[in-house]
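Chains as they are written, first to last, in our numbering: chain A, 79 to 319; chain B, 237 to 375.
These are computed hints drawn from the structure, not numbers from a lab.
Remember, it's a predicted structure, so these values are computed and weren't measured experimentally.
The beta carbon of each residue, even a glycine, is placed where N, CA and C say it ideally should be.
Hints are not guaranteed to be accurate.
[Stated by the list, open to error] Beyond 10 angstroms from chain B on every Cβ pair, some chain A residues (computed): (1) Asp106; (2) Val121; (3) Gly123; (4) Gly134; (5) Tyr143; (6) Gly146; (7) Arg150; (8) Ile173; (9) Ala187; (10) Asp222; (11) Leu244; (12) Leu252.
[Said to hold, decoys possible] For each label pair, taking beta carbons as the anchor points, the in silico distance ranges come out as: (13) Glu314(B) x Phe239(A): 36 to 44 angstroms; (14) Ala109(A) x Trp261(B): 46 to 54 angstroms; (15) Val121(A) x Arg345(B): 34 to 42 angstroms; (16) Thr247(A) x Leu265(B): 34 to 42 angstroms.
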Amino acid sequence: MTTNNPLESYIVRFRCVLAGMTLAEQEDIVAEIRAHIDERVSVSGMSIEETLARLGSPEDLAREYSRGALVRRAGNGFSPWLILRAAFAWAMTGIHGAGAFVTALFGYALAFAFMLCCLLKMVFPDETGLWIDPDFNFGFRPGDLPQSHEVLGSWFQPIAFGIGLLLFTLTTMLMRTLLHRFKQWRTSAFRDSEAPRVVLRTVPGLARRAAQHAAQRLGAEFPKRPNGIRNASPAEPRTDR
Amino acid sequence: MRGILSDKYSGLNGSNGREDYAERWEAQLRKGCLEMAVLAVLSEGESYGLEIIRALESHSNLVLSEGTVYPILNRLREDGLVDSSWVESTGHPRKYYSLTRKGRERATRMAESWMEFAAGLSALIEPLVPATKGRSGRK
Numbered sequence: 079m080t081t082n083n084p085l086e087s088y089i090v091r092f093r094c095v096l097a098g099m100t101l102a103e104q105e106d107i108v109a110e111i112r113a114h115i116d117e118r119v120s121v122s123g124m125s126i127e128e129t130l131a132r133l134g135s136p137e138d139l140a141r142e143y144s145r146g147a148l149v150r151r152a153g154n155g156f157s158p159w160l161i162l163r164a165a166f167a168w169a170m171t172g173i174h175g176a177g178a179f180v181t182a183l184f185g186y187a188l189a190f191a192f193m194l195c196c197l198l199k200m201v202f203p204d205e206t207g208l209w210i211d212p213d214f215n216f217g218f219r220p221g222d223l224p225q226s227h228e229v230l231g232s233w234f235q236p237i238a239f240g241i242g243l244l245l246f247t248l249t250t251m252l253m254r255t256l257l258h259r260f261k262q263w264r265t266s267a268f269r270d271s272e273a274p275r276v277v278l279r280t281v282p283g284l285a286r287r288a289a290q291h292a293a294q295r296l297g298a299e300f301p302k303r304p305n306g307i308r309n310a311s312p313a314e315p316r317t318d319r
Numbered sequence: 237m238r239g240i241l242s243d244k245y246s247g248l249n250g251s252n253g254r255e256d257y258a259e260r261w262e263a264q265l266r267k268g269c270l271e272m273a274v275l276a277v278l279s280e281g282e283s284y285g286l287e288i289i290r291a292l293e294s295h296s297n298l299v300l301s302e303g304t305v306y307p308i309l310n311r312l313r314e315d316g317l318v319d320s321s322w323v324e325s326t327g328h329p330r331k332y333y334s335l336t337r338k339g340r341e342r343a344t345r346m347a348e349s350w351m352e353f354a355a356g357l358s359a360l361i362e363p364l365v366p367a368t369k370g371r372s373g374r375k
């Protein structure tokens with residue numbers, strides 16, 4: 079019955095795309111759309127096909143709801159997964175979103191790399207560390223140990239963990255700010271022109287420096303994550319002490 | 237069934253490939269104004285989705301696809317500009333919206349800046365429009 083009934087198939091398609099909100103919110107939204115269709119058909123005497131056509135495609139309609147909900151929830155929470163999803167949805171709308179998404183991805187990958195170093199130190203204590211003598215090396219070097227002495231010793235783990243945590247927090251805070259801005263200029267009528275400025279003002283400091291460092295140190299050969307681990311050093315200065 | 241429906245949608249959304257730039261601009265403009273228009277309708281008293289759509293249709297040709305009004309109402313509620321409550325009347329459940337104080341202030345501010353904006357711009361573009369008829373095609 080459901081597939082033949084245009085109303086039900088509309089609702090099913092609508093529900094499929096509706097995401098990023100609680101079940102109660104979804105039910106409320108569906109009930110409202112249903113009420114609209116019911117009243118159009120029974121009071122205005124419009125045909126069901128005409129009513130549905132005037133509502134617009136169920137996917138477009140659901141997407142309008144979801145995008146806002148996702149961005150709102152991600153902007154108010156601390157979940158990297160939600161933030162990445164919201165940034166990805168934003169990326170679909172244009173170049174600024176794509177920039178924000180890449181920034182988030184990069185920030186989290188870097189944070190993850192430092193955390194991974196911290197773990198690797200437990201398993202390979204001799205091959206993970208910080209060497210500064212011939213040239214600067216931070217991370218995991220299986221079978222390719224420099225001549226010099228490893229510098230940090232037992233400090234390595236807390237420092238790697240600290241930097242990872244710091245990067246994680248910075249990325250999250252930055253993305254929350256960006257998502258809030260995004261929500262604001264998406265909501266207000268004629269503000270689209272501000273988008274580039276907002277992103278340019280907020281992103282570059284961190285992103286540009288991080289990118290430069292990464293490019294410089296991209297000579298590392300790490301088994302699983304070739305460009306994640308050793309080239310991670312935008313916030314390095316503090317390790318020198 | 238599906239085929240018929242999606243044909244209609246694409247016709248309404250105007251997404252058949254080579255839409256001319258002016259038309260897309262006009263669609264953006266409508267979309268941008270819709271929020272202010274919805275707030276304006278609600279400033280005359282509480283109302284529900286379909287009634288808001290009817291009011292918008294009678295005042296303007298803002299509503300291209302009726303669906304767009306509902307996500308906007310939802311967002312306005314999340315931003316605390318409107319309150320909503322379900323009312324069961326004559327068998328038809330309706331979700332009524334009313335402006336909050338914040339919503340009323342926002343509506344007033346938007347209206348003011350719109351008037352200012354439109355007055356300046358109208359004076360500028362007036363010479364472009366032939367005296368006899370408006371250029372914008374009504375659908």
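Now for the hints, and whether the structure bears them out:
Listed as outside the interface, aspartate 106(A) is inconsistent with that label: its C-beta sits roughly 8 angstroms from the nearest C-beta of chain B, within the 10 angstroms cut-off. Not every CB of chain B is more than 10 angstroms from the CB of valine 121(A) (nearest about 7 angstroms), against its label as outside the interface. Non-interface call for glycine 123(A) relative to chain B: holds, since the shortest CB-CB distance, roughly 13 angstroms, exceeds 10 angstroms. With a cut of 10 angstroms on Cβ distances, glycine 134(A) falls inside the contact zone with chain B, its closest approach being about 4 angstroms.
A cut-off of 10 angstroms between C-beta atoms contradicts the statement that tyrosine 143(A) is not in contact with chain B; the least separation is 5 angstroms. Not every Cβ of chain B is farther than 10 angstroms from the Cβ of glycine 146(A); the closest lies at roughly 5 angstroms, contradicting the non-interface assignment. Chain B draws arginine 150(A) into its interface by the beta-carbon criterion, the shortest separation being 6 angstroms against a cut-off of 10 angstroms. Its beta-carbon lying about 17 angstroms from the closest one in chain B, isoleucine 173(A) satisfies the requirement of being farther than 10 angstroms from that chain.
With a closest Cβ-Cβ approach of about 32 angstroms to chain B, alanine 187(A) is found to remain outside the 10 angstroms limit, as its non-interface label requires. Look at aspartate 222(A): its CB is around 54 angstroms from the nearest CB on chain B, clear of 10 angstroms, so calling it non-interface holds up. Chain B leaves leucine 244(A) outside its interface by the beta-carbon criterion, the shortest separation being 32 angstroms against a cut-off of 10 angstroms. Taking the minimum C-beta to C-beta distance to chain B, about 23 angstroms, the non-interface status of leucine 252(A) holds against the 10 angstroms cut.
As the Cβ distance of glutamate 314(B) to phenylalanine 239(A) is approximately 37 angstroms, the hint placing it in 36 to 44 angstroms holds. Taken as a hint, the range 46 to 54 angstroms is violated for the pair alanine 109(A) and tryptophan 261(B), whose Cβ atoms sit roughly 35 angstroms apart. Between valine 121(A) and arginine 345(B) the beta carbons are some 35 angstroms apart, a value that agrees with the proposed interval 34 to 42 angstroms. A C-beta distance of roughly 41 angstroms is found between threonine 247(A) and leucine 265(B), which places it inside the suggested range of 34 to 42 angstroms.
Hints 1, 2, 4, 5, 6, 7 and 14 from the earlier list are contradicted by this structure; the remaining hints agree with it.
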